[in-house]
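Undergrad: Chain by chain, the residues run as shown.
Protein chains: 2
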Amino acid sequence: MKKIKQKVPVSFSYDVIFTEGLFDTNNELFAELIASASPEVARKVLFVLDEGMYEHHPQLFENIKEYARHFNDTFTLIEEPIVIPGGEAAKNDQSHVDEVHRAINEAGLDRHSYVAIIGGGAVIDTAGYAAATAHRGIRAIRIPTTVLAQNDAAVGVKNGINAFGKKNFLGTFLPPFAVINDSRFLSTLDQRDWRSGVSEAIKVALLKDAEFFSFIEENGEALDQRDGEAMDELIYRCAEFHLDHIANSGDPFEMGSSRPLDFGHWSAHKLEQLTDYELRHGEAVAIGICLDVTYSYLDGLITQNEWQRILETFKSCGFKLWVPELQKNAEHPESEDSIFSGLEEFREHLGGQLTIMLLDAIGKGKEVHEVNYELYREAIEKLKSYEQQLETQRA
Amino acid sequence: MKKIKQKVPVSFSYDVIFTEGLFDTNNELFAELIASASPEVARKVLFVLDEGMYEHHPQLFENIKEYARHFNDTFTLIEEPIVIPGGEAAKNDQSHVDEVHRAINEAGLDRHSYVAIIGGGAVIDTAGYAAATAHRGIRAIRIPTTVLAQNDAAVGVKNGINAFGKKNFLGTFLPPFAVINDSRFLSTLDQRDWRSGVSEAIKVALLKDAEFFSFIEENGEALDQRDGEAMDELIYRCAEFHLDHIANSGDPFEMGSSRPLDFGHWSAHKLEQLTDYELRHGEAVAIGICLDVTYSYLDGLITQNEWQRILETFKSCGFKLWVPELQKNAEHPESEDSIFSGLEEFREHLGGQLTIMLLDAIGKGKEVHEVNYELYREAIEKLKSYEQQLETQRA
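Chains as they are written, first to last, in the working numbering: chain A, 1 to 395; chain B, 1 to 395.
Simulated from the structure, these hints should not be mistaken for laboratory data. Computed from a predicted model, the values in this text were never measured in an experiment. For every residue, glycine included, the Cβ atom is placed at its ideal position computed from N, Cα and C. One thing to keep in mind: the hints can contain errors.
As the list claims (entries may be wrong) - Covered stretches of chain B, as calculated for chain A (at least 3 residues, CB under 8 Å):
(1) 72 to 85
(2) 94 to 106
(3) 131 to 144
(4) 169 to 182
(5) 233 to 244
(6) 313 to 321
(7) 345 to 353
Next comes chain A alone, as it looks inside the complex:
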């Protein structure tokens, strides 16, 4: 037996840029980004637009055309954008990936060309997966337009769509070419999309930084009332924590047993599915975190005061903390419509042993590998009654 030990070090790098008015012709950022990195022959850019976002910004592609004319010596715009529907449900439909592949083929894009994706997390995931698999990876410029995408979904190294009823069953790890957060897109978000991303920021704060949690706690109502400055700060800091976690985990493509920042997500993924995607991802994450925080409290890991502060912060940001789907078939964990079946789906997706993140203190997570169903059922009850109490206080 002979053996050759192969090592393949790969170094990815990308900028996450915060700007306003990306396609104003006096904003040179986008044109410079492209001019700096590609040979002239390849400076083609295909745009993929989120249908919902595009309805709120009907002039957007006209602006992009004007921008492209203004900078026509630095890049070539593919004249027809691809428009695909947003929202998690759209990730169940493989045909959107096929559509982006077809457009990449027809436009003759190559690995030094660009797919610029403007939209929410689902559209960025879907079109990002298509770009990652065409010619083994066309450069993706992600331009997220929701709070959730700007501070979480779009800054990382993953893409994907759902298949066989499983979240992100198809996808790859591939860093983007660049991420550009344009705060102007946030102003047209409906209240639910504005709010949704805040839960991921609370998640990061709970796991990583008590001071960041205090910032959100203090600004909960301001955020709910669409204070732009508070939101800019929240997005920047949340994105920064995420990027730091990816860069310094030692295992950014999760090949070993390292864990992504997925607190509250085992039940959140399942709740999205059980509510037929009526709950948006960030809304489901809020409930998922409140459940695991309540479980952590009942398990003696955090104090009553910590538990209350966290739930009240979610509430002040405008989140629901509980839905009836949490209790459906809770006595039958193996049943497909029981919230607890999400545990095995979660384990399968990450691979290896089950690992659930709980809370040891505000700012500090704790991993466990087993759960107590009885205690979880108690946590679901406790969460329900505490939410009712908070509702009564606010009424």
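The hints should help you fit chain B onto chain A, whose structure is shown.
TA: Only chain B this time, still in chain A's reference frame:
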């Protein structure tokens, strides 16, 4: 404008192992490989078999089952293997990828489980693409069974299938978990598949190492007469050169302008397509290299003696050096059935500027960014007449 500069270093490593009789129960290699790397819960292995290979080894899966029973404390065999057709043409059919995805889903594989792929390069590319995109990458163990796959296709970091009539339009860069070359599979190859892989070894020798070329030159007839020892040596050294090129290129995922070892490949890919995959990949590569070697000679880069030695080496290994498709519409490079349209397809797939590898000497390549169609047409004629001359000598 604010900016976060993100760096994501990822370190992949895998072993390329040479063995004989992989699924003999006294060969612990496979079981140890799995036991060493996964938590117990995840030691599931799904096999994907190349239909053509399986016809030559009808007992193979029974052997694997016995092997799995023998090592049942180290891994769990998924009882139904997936069997998919081999050969480049099968890479045009997306349904084989879907089939592997379905099987991965049904078997509940996770990112710490394994897809073991036994077959030629096309099956390894196809099933490897499916594994790379399920759960963002299930571990692939490649067990190549042809010379071409053992010394070239299966040792590297790519996978993919064809789409829109373009070679490897869909695919990813993702290193395998391990590669295992079992020399026993080579004995049942038909003569064309035995021979096919030799052209990639000649390619590597021409670009990298004059001494390795001399080895092949001296062993051409022995190889054609199925000398196992010469073939083992050829495969090992060729795989070693490939692995070294990938590890030390500084850009293994070809994100910049670094080039894979693709000498002769712009026309080879096109010839496979123009002959409706009648030509196997290695056969097309032999012709493609002979064409670019002849062009290099006419362009004054190599001597007549070098040119003749190279063509004679290919001939002694049993290769055809010329096919009529080289001349079809040679006057109309832009025509889709002209060999020269392969230049633009090649440029598009690699991205950026056109780069063609020519030969500066035996053992030394030279990149050029422009070609002279007239000189190429002359090279096609020259190659045709020299092959006729060699045929006459051998008759």
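Undergrad: Counting residues of the segment 131 to 144 of chain B with a beta carbon closer than 8 Å to any beta carbon of chain A, are there 3 or more?
TA: holds (count 6)
Undergrad: Has the segment 94 to 106 of chain B got at least three residues whose CB is nearer than 8 Å to a CB belonging to chain A?
TA: holds (count 3)
Undergrad: Checking C-beta pairs, does the segment 169 to 182 of chain B have three or more residues closer than 8 Å to chain A?
TA: holds (count 7)
Undergrad: Taking 8 Å as the Cβ threshold, is the statement that the segment 72 to 85 of chain B is covered by chain A upheld or broken by the three-residue rule?
TA: violated (count 0)
Undergrad: With a C-beta cutoff of 8 Å, work out whether three or more residues of the segment 345 to 353 of chain B approach chain A closely enough for the coverage to hold.
TA: holds (count 7)
Undergrad: Would you check chain A against the segment 313 to 321 of chain B, counting CB to CB pairs closer than 8 Å, and say if three or more residues qualify?
TA: Since 0 is below three, the answer is violated.
Undergrad: Using C-beta distances, would you say chain A covers the segment 233 to 244 of chain B, given that this needs three or more residues below 8 Å?
TA: holds (count 4)
The structure fails hints 1, 6 (numbered hints given earlier, in ascending order).
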